[in-house]
Amino acid sequence: MDYQSFKNAVIAACAEFGIEEYELYYQSGSDTTIGVFAHEINEFSSSEGGGICFRCIVEGKMGYASTQALNEAEAREVVRRAADNAACLETEEAVFLCEGGKEYRTLERTLYELPTTEELIETALATQEKIYAADPMVIDGCQTQVIAESSEIAIYNSKGLDLTYSNKVSGLVVAAVVSDGKEMSDSYEIELGKLSELDTDAITAKAVADAKLKLGGEAPASGAMPVIFNTEAMCSLLGVFSSIFSSENAQKGLSALAGKEGETIAAPCVTLVDDPFHPENPAPMNFDGEGCPTYTKKVIEDGKLNTLLYNMKTAAVAGKETTGNASKAGYDSSVGIRPFTMYLENGDISEEALLEKAGNGVYITSLGGLHAGANPISGDFSLQSSGFKIENGKKTDYIKAFTVAGNFYDLLKNVQALADNCHLPRAMGSTAFGSPSVLVDGLSVAGK
Numbered sequence: 113m114d115y116q117s118f119k120n121a122v123i124a125a126c127a128e129f130g131i132e133e134y135e136l137y138y139q140s141g142s143d144t145t146i147g148v149f150a151h152e153i154n155e156f157s158s159s160e161g162g163g164i165c166f167r168c169i170v171e172g173k174m175g176y177a178s179t180q181a182l183n184e185a186e187a188r189e190v191v192r193r194a195a196d197n198a199a200c201l202e203t204e205e206a207v208f209l210c211e212g213g214k215e216y217r218t219l220e221r222t223l224y225e226l227p228t229t230e231e232l233i234e235t236a237l238a239t240q241e242k243i244y245a246a247d248p249m250v251i252d253g254c255q256t257q258v259i260a261e262s263s264e265i266a267i268y269n270s271k272g273l274d275l276t277y278s279n280k281v282s283g284l285v286v287a288a289v290v291s292d293g294k295e296m297s298d299s300y301e302i303e304l305g306k307l308s309e310l311d312t313d314a315i316t317a318k319a320v321a322d323a324k325l326k327l328g329g330e331a332p333a334s335g336a337m338p339v340i341f342n343t344e345a346m347c348s349l350l351g352v353f354s355s356i357f358s359s360e361n362a363q364k365g366l367s368a369l370a371g372k373e374g375e376t377i378a379a380p381c382v383t384l385v386d387d388p389f390h391p392e393n394p395a396p397m398n399f400d401g402e403g404c405p406t407y408t409k410k411v412i413e414d415g416k417l418n419t420l421l422y423n424m425k426t427a428a429v430a431g432k433e434t435t436g437n438a439s440k441a442g443y444d445s446s447v448g449i450r451p452f453t454m455y456l457e458n459g460d461i462s463e464e465a466l467l468e469k470a471g472n473g474v475y476i477t478s479l480g481g482l483h484a485g486a487n488p489i490s491g492d493f494s495l496q497s498s499g500f501k502i503e504n505g506k507k508t509d510y511i512k513a514f515t516v517a518g519n520f521y522d523l524l525k526n527v528q529a530l531a532d533n534c535h536l537p538r539a540m541g542s543t544a545f546g547s548p549s550v551l552v553d554g555l556s557v558a559g560k
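As numbered in our numbering, residues 113 to 560 make up the sequence shown, in order.
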């Protein structure tokens, strides 16, 4: 039974059981991943899956039930289970379903046909050969991986909501390993898009060049000093601490931003945006996990916290409107909160000028231990790092094996400047993070 037929069967079952307020959330998808190592395919996976989650409100309580079986008998059964679940609840929390009739922004994109399995294999094998041919310093251990994914989401409810969404993404991952005879280093690149249009020569060349830059190096001197996080490093940091902007976490005491809306929490040069329609996000969305319209919002503007991110439940608790940031990790998941594309806006100077402004310090290109070494509740972090020295306003020697430590809330206040090179590192997933290079004063660097 297809989704539309199942939906009709659920509607009929709701009428039979006398359930007037309900929602049907459908999600399905497929993905194929092929990996190549040592000139041979070492990974091949292909899967399809999905299901539905049914929610209903019975006597003010929200009941849930989910299933992967789309047939008439299960349509009736999932309604019955959700109603029974609602009857067992003792919570007095307010519950909500999104009203229909709202306006939704049109997604400006063109869905392309995903590559065939044969095309995926050909691209993965050919790209690995390009890695080995790119430089004499390339050694065994290089890998390539190709990915093709499709997804569909539909939300229907008794309040007039009837939404559908589909998306397709393919991409290439290139991991290069190089050696100078004394030590090895590696680097990887991810590029998403239509495989036949990707510049595999440029992707492999960059991966190899970045790997070569990591050869050699030593730990820098310890001390408090200016630090520049390049785009990738700052995106990693932003991703780890993005949960502090969740209203749900704030209401649970898991974010120090509770009660801070309208207050200055960052330097005047800091503006943080959440944009569901960013052109570099591979999965733009015009409705959220509850079916509410999404929109672009400045979470922080010129240092002031304009808003946290809300779903319908947390917005009601705060006496506000939802920001359209409800999320579901899967069809059977509870409703949470996430950003879509969260990025720091560009500054007004070049990266070269940013280096000059730093004077002497460190330029960080890579952060490690992000989950073990960062605490999103307190904001504290102490992270393994690598990058380059900054000497007299110039990026010089490669450095590694040091840690950078501080507090993310303080970091926001101590941003001195941002470059004009905002970038969204490619990554598969529903949320993307972006940033220009960022100069922060007074962080602790522990090296030698």
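Please note: incorrect hints may appear among the correct ones.
Stated by the list, open to error - The calculated label-pair distances, taken between Cβ atoms and stated as ranges, are: (1) Glu264 <-> Thr508: 47 to 57 Å; (2) Ala331 <-> Asn504: 32 to 42 Å; (3) Thr203 <-> Glu464: 50 to 60 Å; (4) Ala441 <-> Cys200: 18 to 28 Å; (5) Glu309 <-> Asn504: 52 to 62 Å; (6) Thr229 <-> Glu205: 43 to 53 Å; (7) Gly442 <-> Thr203: 16 to 26 Å.
Claimed, not checked - With a straight-line Cα cutoff of 35 Å, these simulated DSBU-like cross-link-like pairs (lysine-lysine) come out: (8) Lys324 <-> Lys173; (9) Lys507 <-> Lys525; (10) Lys306 <-> Lys214; (11) Lys242 <-> Lys501; (12) Lys560 <-> Lys469; (13) Lys324 <-> Lys512; (14) Lys119 <-> Lys324; (15) Lys409 <-> Lys119; (16) Lys512 <-> Lys501; (17) Lys242 <-> Lys416; (18) Lys214 <-> Lys294; (19) Lys512 <-> Lys119.
Since the hints were derived computationally from the structure, they do not count as laboratory data.
Even glycine gets a Cβ: it sits at the ideal position worked out from N, Cα and C.
* Against the structure, test the hints numbered earlier, and report the numbers of the ones violated in rising order. => 2, 5, 8, 14, 17, 18 and 19
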